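Asks: Sequence:
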Amino acid sequence: MEKGKDRKKAPADDFNPLHSIAVASGAGLTILVSIGIGIWLGVKCDEFFGTSPLGVIAFSIIGAASGMYSVIKQILGKK
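The sequence shown begins at 1 in the numbering used here and counts up one residue at a time.
Worth flagging that the hints you see were computed from the coordinates, not collected in a lab. This structure is a prediction, so every number in the text was calculated from the model and none was measured. Glycine included, each C-beta is placed from N, C-alpha and C at the ideal position. Don't take each hint at face value.
SDA-like mimics (lysine to any residue), calculated; alpha carbons at most 20 Å apart, straight line [claimed, not checked]:
no., residue 1, residue 2
1, Lys-73, Ser-20
2, Lys-73, Ile-61
3, Lys-44, Ile-61
4, Lys-44, Ser-60
5, Lys-73, Ile-35
6, Lys-73, Gly-28
7, Lys-44, Ser-66
8, Lys-73, Ile-62
Pair by pair, the computed Cβ-Cβ distance ranges are [as the list claims (entries may be wrong)]:
no., residue 1, residue 2, range
9, Ile-75, Lys-44, 25 to 33 Å
10, Ile-21, Lys-73, 15 to 23 Å
11, Asn-16, Pro-53, 42 to 50 Å
12, Phe-15, Gly-36, 30 to 38 Å
13, Ala-65, His-19, 25 to 33 Å
14, Met-68, Val-43, 15 to 23 Å
Please work from the sequences and hints to get the whole structure.
Replies: This is the structure in structure tokens:
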């Protein structure tokens with residue numbers, strides 16, 4: 001019996017490209033949905049208050065920031 005054959009693989013040695021694609025697409029969808037909700041809230045805010053571009057700009061920036069925060073939390077593995 002050879003020495004190297006009965007060792008188990010470390011989790012870092014096991015690269016799965018499908019898992020990487022799933023994580024990346026999940027991160028992209030998280031950011032996209034956050035920005036979309038921010039834009040929708042901005043449009044509704046502009047309709048209600050009559051401030052044409054300000055609501056969309058403000059809420060899309062807030063949506064992008066919240067999306068990035070969520071993605072960073074997912075990547076770092078914190079709940």
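Asks: Of all the hints numbered above, which does this structure not satisfy? Sort the numbers upward.
Replies: none
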